[in-house]
Amino acid sequence: MAKNSIYSSVGLGFLSNTPQYNRYRELLRDFVRSLIKQNLSRKNDSEAKNNFEEDKQTMIDLALKSMRQGVFNEKDVEIECFTMIAASYETSVSAAYTCLMTLAMHPEIQERVFQEICAVFPNDITTVEYDDLKNLPYFDMCIADALRLAPPIPYIGREAIHDTELCPGLKVPKNMQVVIPIYELHRRKEIWGPDAHHFNPD
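Using my numbering, count along the sequence shown one by one with no gaps and you end on 205.
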């Protein structure tokens, strides 16, 4: 599955071979397959009634459309669903946890964020609009620096589709698997300065 390859690409393949992991993977696979089946049925019913709205397609609708066009097979659709679930759940939870924990470890910065939020959203305001977020620049800076120090995805893998020269003397041949160490890149002092290992939203 998609997650197996992620673990293997960073040398953590053993994490995807535990009984608990395999049990949860099977539960998730069953859920994804039922989701695909439901959407196929819904799509067929909608087409029969000539009321399927192209502008309201979800990700799975688009994946199934690609399958009907011969671009994807059913396994590809399943993998896409797994990827979307992992990207929309695990990374979001990890990012939120990281930001909250980092602020808790720096109470003086947390207080500045709290005061900024209170200034933008008075006590009687209960709804938040997207445009309101631009009025929270310091909060945004805190989120960015917290995720710099602890990115939800610390490593990503890629495969070279052709021979590539990254810089003089460093060539990546076609089909080579490459691991990009986001965690290390986000802590490089030559990029982020001497305090690269410290939380400093300013």
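Don't take each hint at face value.
Distance condition first, Cα-Cα at most 30 Å in a straight line; then the derived BS3-like pairs of lysine-lysine [as the list claims (entries may be wrong)]:
#1 Lys68 / Lys40
#2 Lys40 / Lys78
#3 Lys192 / Lys174
#4 Lys78 / Lys68
#5 Lys78 / Lys177
Restraint-style ranges between C-beta atoms, simulated for each label pair [to be verified]:
#6 Thr130 / Tyr24: 33 to 43 Å
#7 Gln23 / Leu173: 39 to 49 Å
#8 Glu111 / Glu29: 43 to 53 Å
#9 Ile185 / Met108: 19 to 29 Å
Think of the hints as simulated: they come from the structure by calculation, not from any bench. Remember, predicted model here, so these are calculated numbers, not experimental data. Backbone N, C-alpha and C define an ideal beta-carbon position, used for all residues, glycine too.
Results for each hint:
{"no.": "1", "hint": "Lys68 / Lys40", "result": "holds (13 Å)"}
{"no.": "2", "hint": "Lys40 / Lys78", "result": "holds (13 Å)"}
{"no.": "3", "hint": "Lys192 / Lys174", "result": "holds (25 Å)"}
{"no.": "4", "hint": "Lys78 / Lys68", "result": "holds (14 Å)"}
{"no.": "5", "hint": "Lys78 / Lys177", "result": "holds (26 Å)"}
{"no.": "6", "hint": "Thr130 / Tyr24: 33 to 43 Å", "result": "holds (40 Å)"}
{"no.": "7", "hint": "Gln23 / Leu173: 39 to 49 Å", "result": "holds (41 Å)"}
{"no.": "8", "hint": "Glu111 / Glu29: 43 to 53 Å", "result": "holds (47 Å)"}
{"no.": "9", "hint": "Ile185 / Met108: 19 to 29 Å", "result": "holds (21 Å)"}
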